[in-house]
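Using the sequences provided together with the hints, build the complete structure.
Chains as they are written, first to last, in this note's numbering: chain A, 1 to 114; chain B, 115 to 226.
Check the hints yourself; a few may be wrong.
Pairwise CB distance ranges, derived in the manner of DEER restraints [unchecked claim]:
no., chain 1, residue 1, chain 2, residue 2, range
1, A, E83, B, L155, 24 to 32 Å
2, B, L125, A, N67, 20 to 28 Å
3, B, D211, A, G60, 18 to 26 Å
4, A, E58, B, R128, 47 to 55 Å
5, A, S10, B, N198, 19 to 27 Å
Read the hints as simulated data drawn from the structure, not as lab findings.
Glycine included, every Cβ here is placed at the ideal spot set by N, Cα and C.
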Amino acid sequence: GQQVKQSSPSLTVQEGGISILNCDYENDMFDYFAWYKKYPDNSPTLLISVRSNVDKREDGRLTVFLNKSGKHFSLHITASQPEDTAVYLCAAGENQGGSAKLIFGEGTKLTVSS
Amino acid sequence: DMKVTQMPRYLIKRMGENVLLECGQDMSHETMYWYRQDPGLGLQLIYISYDVDSNSEGDIPKGYRVSRKKREHFSLILDSAKTNQTSVYFCASSPPDAETLYFGSGTRLTVL
Chain A
1 GQQVKQSSPS
11 LTVQEGGISI
21 LNCDYENDMF
31 DYFAWYKKYP
41 DNSPTLLISV
51 RSNVDKREDG
61 RLTVFLNKSG
71 KHFSLHITAS
81 QPEDTAVYLC
91 AAGENQGGSA
101 KLIFGEGTKL
111 TVSS
Chain B
115 DMKVTQMPRY
125 LIKRMGENVL
135 LECGQDMSHE
145 TMYWYRQDPG
155 LGLQLIYISY
165 DVDSNSEGDI
175 PKGYRVSRKK
185 REHFSLILDS
195 AKTNQTSVYF
205 CASSPPDAET
215 LYFGSGTRLT
225 VL
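What follows is the structure, encoded as structure tokens:
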């Protein structure tokens, strides 16, 4: 089965609103969680990541919330802009001596309408 | 300028032909990856390489093999390509003691 799952394939938000993207995972051993952003015909790039020893991390308009007991993490984007329109991929993995074998979700296509 | 370079960008092959996808990185990263991306499935890990000649299967290795003879190059080989291997293939690398993946621009492979 899918170890990392994004249940919403798409999301539409009004400009200025809050975008909330969700991700669920199965493996208790995962200790690293990340969100990647992908524009069409482009490569994924890391947006923000968090380790399992914290339950929240903020970076500008982005906040990652981690709920370990619920095996769930989410990305909140405040003051959403049209340029935030992209596919967002969540990823989780277990740090193995410096590298993590990341498992990705299916992606959520975010559309910010003006 | 940190870069992961994939060649070719687009490739069309016939079923049964051999396929070679090349990836290079200029960051001296030890760890490199091959993923494929299909609609509704996200990125699926095919192979991971921890250094030269130190390769490990990912989640979907069947039908693929890899070669890492130099740290900066990681190749994905399809011996006798199948139509269900039509996909977008991404190579990535990561620095030591960090989980950040740097992706190449992808290769869109079509197997007819």
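Taking the earlier hints as the rules, which of them does this structure contradict? 2
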